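**Q** Below are the chains, spelled out letter by letter.
There are 4 protein chains.
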Amino acid sequence: MESCREIELEGHIIDSGVMTLVFDRIMDMGGEFEILTFNVGKLKTDTSYARLRVTAPDDHLLDAILSELHRLGARTPEIGDVTLVPAEGDRILPKGFYSTTNHPTFVKYRDEWLPVERIEMDCHIVVDEKEKRAICTPIAKIKAGDAVVVSETGVRVVYPERPRKVSTFEFMHGTVSSERPSEAIIGKIAREILRSKRKGEKIALVGGPAIVHTGAADALATMIREGYIDVLFAGNALATHDIESNLFGTSLGMNVKTGTLVTGGHKHHIRAISEIMRAGSIKNAVDQGLVTGGIMYECVKKGIPFVLAGSIRDDGPLPDTITDVVEAQDTMRCHIHDLGMVVMVGTLLHSIAVGNCLPSYVKTVCVDINPASVTKLMDRGTTQAIGVVSDAGTFLPLLCEQLEKLEKC
Amino acid sequence: MESCREIELEGHIIDSGVMTLVFDRIMDMGGEFEILTFNVGKLKTDTSYARLRVTAPDDHLLDAILSELHRLGARTPEIGDVTLVPAEGDRILPKGFYSTTNHPTFVKYRDEWLPVERIEMDCHIVVDEKEKRAICTPIAKIKAGDAVVVSETGVRVVYPERPRKVSTFEFMHGTVSSERPSEAIIGKIAREILRSKRKGEKIALVGGPAIVHTGAADALATMIREGYIDVLFAGNALATHDIESNLFGTSLGMNVKTGTLVTGGHKHHIRAISEIMRAGSIKNAVDQGLVTGGIMYECVKKGIPFVLAGSIRDDGPLPDTITDVVEAQDTMRCHIHDLGMVVMVGTLLHSIAVGNCLPSYVKTVCVDINPASVTKLMDRGTTQAIGVVSDAGTFLPLLCEQLEKLEKC
Amino acid sequence: MESCREIELEGHIIDSGVMTLVFDRIMDMGGEFEILTFNVGKLKTDTSYARLRVTAPDDHLLDAILSELHRLGARTPEIGDVTLVPAEGDRILPKGFYSTTNHPTFVKYRDEWLPVERIEMDCHIVVDEKEKRAICTPIAKIKAGDAVVVSETGVRVVYPERPRKVSTFEFMHGTVSSERPSEAIIGKIAREILRSKRKGEKIALVGGPAIVHTGAADALATMIREGYIDVLFAGNALATHDIESNLFGTSLGMNVKTGTLVTGGHKHHIRAISEIMRAGSIKNAVDQGLVTGGIMYECVKKGIPFVLAGSIRDDGPLPDTITDVVEAQDTMRCHIHDLGMVVMVGTLLHSIAVGNCLPSYVKTVCVDINPASVTKLMDRGTTQAIGVVSDAGTFLPLLCEQLEKLEKC
Amino acid sequence: MESCREIELEGHIIDSGVMTLVFDRIMDMGGEFEILTFNVGKLKTDTSYARLRVTAPDDHLLDAILSELHRLGARTPEIGDVTLVPAEGDRILPKGFYSTTNHPTFVKYRDEWLPVERIEMDCHIVVDEKEKRAICTPIAKIKAGDAVVVSETGVRVVYPERPRKVSTFEFMHGTVSSERPSEAIIGKIAREILRSKRKGEKIALVGGPAIVHTGAADALATMIREGYIDVLFAGNALATHDIESNLFGTSLGMNVKTGTLVTGGHKHHIRAISEIMRAGSIKNAVDQGLVTGGIMYECVKKGIPFVLAGSIRDDGPLPDTITDVVEAQDTMRCHIHDLGMVVMVGTLLHSIAVGNCLPSYVKTVCVDINPASVTKLMDRGTTQAIGVVSDAGTFLPLLCEQLEKLEKC
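Chains as they are written, first to last, in our numbering: chain L, 1 to 409; chain C, 1 to 409; chain R, 1 to 409; chain V, 1 to 409.
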C-alpha cells in the first residue's frame, strides 16, 4: 500500500544544491514527489522554503527515503521529542540507533532544541537527561545505560549552505587536478591562513613524514615558530625523522640538504629514537639541549600541543607516541572542537583520521603528491575544502615564503 | 551604471542541477538576481519554468554572465536571428566568434530554428545560407568567406537533463574511485552494451597498447568477432603490438602467455612493422594469410572500420597509420556522429581526442589503471559516463565473459 | 692519515650483483680498492672468492665504508667475538648498537657461530649468554641489562644469492609496470602458491578493505576455505566491511553485487560493529550463527589465525582488533617466522608493517592499483618478489579461478 | 647437439654491472658458461677483461644468447665485416636486420671500424659504401637499395660505464620516489645545468602544457631568456596556452595569477589560436607586437629553435605545429645530435618521443607529478638520469631561482 509523508526544507536550498540532491534521492530510490509549496527567495540573500509530499510504494521504503532526506536537512513539519533507548552494555548500540552526519545537529528534548556537542560523522547522540545536554559519542565510548537517540524523529540537521561570496574554498566536493597554478593557489592559502588567524580561529596541521623526507621540515618549523599552527597531528615517523634530521642531518638516512645517502644513515632513525628513549620524552630532550631545532623542537618551545598517533609501521616508537589507537583518537578529539582550519600535508592515514572527527564547517586544505589521495580526502572532507596536488617539499617552503611576504605588507 | 536583462530556463532545471549552476555562476561572477517567475513542476515528470532578472555593475560583466548562463541553456525571452560574419581567411575566425558546447544546439536563422549538425565542444557554427543548414566546424576547417556565427544571440543550447530513471551511468561528473565492486560494475557495463546493441546503437572502442601488453587482446578480438564493436579508434602502437603478438607471440618482446621476456623480442615490433610494410597494408597482410588472428585481423575480417591515429612516439609507423593528426581527427569524426556508446580502455591520448568530438548525450565508459586519467576523462566527457579504475588485462576478459554469459540467457 | 683493511667476499658474488654493489659503495663513499685475489667460479654453479684491500683517507671513513660492505656480506678475514654491551634501561640501546639487515645473520660468540633467531630489518641482536642464543630484538623489547651487540665485529651477514634457475620472482628490486600480461602473471602466482603448499610452506595474506569494496571477498573466502592461506594479516576495516557484507550485502553502504549505494547503507558498518560488540567477538558471532559467510567466517571455521591491527582511522573498532600498535606488531611477529610466501593485496599500511618483519628469503607478491605503492613495497621488500599493478576486485577472483583449475589437473 | 662460442668483455665490467647482466642473461635463457680468463682491474681506475665460453643446447639458442650479450658490449674475439643486404623497397627491412641499441656503436666495414652516426634505439644501420659512413636510420627512412646491416657480426656496442666519480645522476635505472628532499635535488639540477653550459653542451627542454597551467611559464620564459635552454620540444598545447596566457592572462580559461576561472575563458585558447592564424605564425605575432611575453616569445626573441609536434588531441592547431608526426620526429632529430642534457617536464608523450631518439650518454632529468610517468621515463631513458616526482608549478620557479642564485656566486 502506498505511503506518503510531508517534508519541509528551508534556506539557500537551490544554490546549495540541496533541492537537486533531494529530488535525486527520491527518484533514485523509487519514490515520487509532489511540490506543495515552493517560495523561492527572490534575491540572492533571500532564503527559500519548500514543502513536498513524498510518496513511496510501502512504509519501509518511505522511511528509507525520509532517512536520506533527513541527512540533507529535510524535516517533517510536526516533530516530537527524540526517542531515547538506554545502551544495554558498554560499546553496544540499541537497535535502530541514529548515526550522525558531520553537519550541525539539534535534538528536540522535552520540547527544547539542544545542540549536539562535538558533532562528527558516523557517531551517535547520547542525551544527558540531567544536564539537558546532547553529546556526539563514538561507539567505543558508549557506556551501559547511556540514553542513545534512535530514529530520526526529533533530530534536525542543518545542511551547509554555499557561501554568499566568492570563496577560495570549494563548496562541497571540488574537482582535483594537478593542472592548476600552484603559486597562485599557495598565495590564496596563505591569505586564508592569515584571515583565520586574524579572526582568532585555530589552525591545525596534519603532517606525514614526507614533510621531512622532502626537505620541508624547516619551513614547517618556521610556521610553528611564527605562530601559524595551533596544534600538530602526526605520527611517530614524522617526529622520528624530524629529530633524526636535527641530530644527524638526515631523514631515513638521506642527507636533507644534499639529497645523498649518508654512510651508516640506515641506523640514524633508530639512534634518534634511542636518544629520546634515554631522555624520556621529546620535551626532556629539548630541555636537555639534545634536540636543538626542527618541527618538534618548535612545538615544545612554543608550547604547541602535538598528538603523535601510533601505527603498526612504526619503528620504536618514541615515548611520546600514543600506541593505543583508540586513545590516540580521543586525544585528537580534544584538540579539534575549536579549530577553524586544518591543513593536511602528505599523509592519507592521519588526514582521514582527523577528517573523520571534523564538523562540516571547518575549512580544510588537502595537499598530496597523489591525486587519488587528494580526491579521497576531498570526498570525505568538510564542505569547504581546497585540494592541491603538489610536492610537500616545494609546497611548504613556498607557503612559508608567502606567509612571510604577506605579513610584511 | 548597473545593467540588467531577463532570462528564461525551462525543463527539469532543479534536479538536473541547472538552477544551482545558474545561481552559482551569477554569484561567483559578482552579479545579482531576482526571480520573477518560478513555476515548479509539481510531479517528478513535470518540468519547471523560471524567469530571472540578472543584474550586474556594468554592461561588460552582464554580457559575460549571460554568456555563461547561455551555455547552461538559459535564453533571453525575445530572440532575433543569429549574427553571421564571413571568415576573412582560411582557419581565421571573425572576432567575437561563437564557441560551441557539446550539447544539442539550435540557431535561429530567418526565423527558423536550425539544428547544429555534428555538434562538438570548442568548435564554431557555420551557416550554409543556401541550404539552410548549420554545421559545427572546427577552426582548422573554416574557409575564407564561411558565414560564422558570432555572439550568443539566436543560439539555443539544450542543457542535458538527468535521466528520470535509475541509470548505470552517472549524470554529469561522477566520482572516481578504485574501491567499487569490479565484477558488479563489469556486469552492468555488459548489460548496457547489450541494451545499446538491441536498440541498434553503434558502439566504439578506443584502446591503447596496454590492451595488448596486459594480455587482453584475445578478449577484444572476441568482442569484435561477435559484433559488439562497430568502430575501433587506436594508434599505431596497439596495431603494431597486436600484430607482433599474432606473428611472434609477444608484445614489446614479452610473451603474452607467460609474461616472460623473449630472446630477441626487442626486435619483434619492428619485424611486425616491416612485414606489414612489405604486404602494403594490414588488410593485405590478412588477405595474404600472413596475419591470422588478433584485434586487427578481426576488424579486417568483419569489415569493422578502424582509425589508427599517428603520434610522435610511434615506431614505423604501419602503412595504415594516419600520420597527419588533423587528417586523423577528420577521419575519427566520420565515425562519430551515429555512436550511442564509447568504451575507452587504457589510453588517455586517444580517449581525450575521441571525447573531444563527442556530443554530450553519447554514453561513455572510461577504464584506466590510473585514477587521475579516469578523472580527467570523466571531467571532459559526456554527461552520462561510468569511470572504472581497473586493469585492462583483467577488465576486458571479464567483460567478454559477462557478454557471453548474458547472451546465452 | 690513510687507513686500510682487507675484506673477503664469497659466493655467487658476480651474478648476484654483490661485487657491483661493493665497488659502487667504495667509490661512492670516496674510498679506493685493490683486488688482492679474485677466484672466479668457472661454471654457473661454482662460487667465486674475492679478497680486497679497501683504503680510505681516514679511520672514520674506512669504518663507515666497512660498515656498508658488512651489510653486503663482506667480512674481515680474522674475526673475533661480538662485542656485547648491556642495555642501560628498558628500550634504551647502548651507543654504537648493531642494526640488523633482513638477511640470515650469524654472530661469533665464544668462538661459535650462533644463528640470529627471528631476523628482521632495523632491529638489534641480544645474546642470551646462558642459553648461547642470539635473538633479533626490536628496540621496544630491549630490557635493561640485555647483552646487546655493538659494532659489526663478529657479525656475519649472508647476502642473498640469485636463484640458479629461472624464477617467477624477481631477484632484488624488480621493475614495476602496469603493462604486463595480467592473466599470465596471475597464472604464475597460482602455480607458485601450489608449489609452496606442496613443499609444506606456510602462506600469509595481507589484505586491505579494498578487497571487500571491490567485491573480491568471496574469492578470498574461497581461498581460505580451500586451504591456500595459513594466516591473515589485516585491519579493523577489512573485517568490519566483510561482516557488513555478510550481514547486509553491502561494503561501506554499497551493494557489492550491484555496485549501487543502498538506502541507509551509511549505517551498516556501525551496525555490523555493534552486532559483533554484542556477541563479544567474531568467533562468538560465527558460533551463534550470526555471521554465516565471508572472509572472517572462513578463518573462524577453518581455525586460521588472523591478526586485526588497529589504526587511527578505525570506526569501532571490533572487539577482535588489537588497538595497541606495539602489541599488534608482536602478534604479527608470532605468525611470521615460518612463512614461505606472503601475498599482499590492496593495503600499503599493513603490507609495509608485515614486510618490515620478514626475513629476506620469504617470497612476496605485492598487488595494488597504485604503481607507487607497488614500487614502495618492492623496494622495502624481500629479495624475491613479484609486483602486480592490478585491481583487487578482478585479481583475486581470477587468482582463485586459476588455483581451482590447476588443482583439478 | 650442444653448441658453444667464446666471447670477450672489457672495461669496468664489474662495477658497471655488465658481468652481472651477462651471467643473468645466460642463466635466464638456459645456457651455461665457463670463464676462461678473468683479469680483474686491481685498482678503481683499472679496467677488467673477461673471456667466457658460452654453451647452449642448440645453435638457435646459442645465437639468441649471443645476440643478447652483444647488446651488453660482448664481442666474439675474431670479427669479420658486417653483412649488408640491400633493402628491397622503401621502408622495407631485409630479413634478419640489425636493430640498434642507444649505446655508441661501431661497424667493421672493409676492415675499418666506422662509428654509427646519430645512434638511437630501435633503428637500423645503413652503410654508405662510397662515403664509408654508417648511419643509424629509422625504418621510415629506409630507401630501396640501401645497404642495411643484418646480424650482429661486425657490429660492436660500447656499453656505458659507471662514472668513476660521485655523480648527481643515477647510473642506469634509478629508483623513483616522491620522498626525497626536493629543494636539495633542485639545487643539484641547477648545478648540473650550469656545469653543462660551462662545458659548452647544449640543453633541451621538453615541456607539456602543465607548465603553463601550473603557472610555471614565467620561470621557463626566464630560463630561456637567460640562455639556459638551447632548444624547446613541445606540442601545440604548450604554445597555445602560453600565448593564451600572454594575451588574456589565462591558461585553459583559468587566471594563472589567481587560480580562478575567468568569464568566457573557455574561448580564450581558440581566440589565441585564431590570432596566430591571422598573423601567420608565432614569429610574425611576436614581430607585430601582438605577443609580448612568455615562453614562445622568448624563444623567438632569443632565436631558440622550437619544435611543436602535433597530436590528435590538438585544438587548432597553430600554424607552427607540425601536424605530420613522422615529419615532427625528423625535425626533433635535427636538434638532438649535439645535446648534452635534456630536461623533461610534465609530458609523457613528448618526453618518450624525445627520449627514443637520444643516445645513451645524454644526461636526462625527468620531472612529473605522476611517479608512474617518471618510472616509465627512467626505464626507457639514458644511462644517466635523475627522476623527480614533483609539481611543475613549484619545480620550475624554484629551479629558476636556484640558477639565478648560483650565477651570482
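Simulated from the structure, these hints should not be mistaken for laboratory data.
Note that the coordinates shown come from a computational prediction; the quantities given were computed from them, not determined experimentally.
Please note: incorrect hints may appear among the correct ones.
In this list, chains with the same sequence are indistinguishable; a pair is considered to hold if it fits within one copy or across any two.
[Stated by the list, open to error] Calculated lysine-lysine pairs in the DSSO-like style (CA-CA distance at most 30 Å, straight line): (1) 301 to 197; (2) 141 to 405; (3) 130 to 95; (4) 95 to 188; (5) 301 to 199; (6) 257 to 405; (7) 283 to 143; (8) 408 to 95; (9) 301 to 95; (10) 108 to 408; (11) 302 to 130; (12) 132 to 257; (13) 302 to 202; (14) 44 to 283; (15) 267 to 108; (16) 130 to 197; (17) 188 to 405; (18) 132 to 42; (19) 141 to 42; (20) 132 to 197; (21) 130 to 188; (22) 267 to 188.
**Q** Output the numbers, in ascending order, of every earlier hint that fails for this structure.
**A** 2, 4, 8, 10, 11, 12, 14, 16, 18, 19, 20, 21
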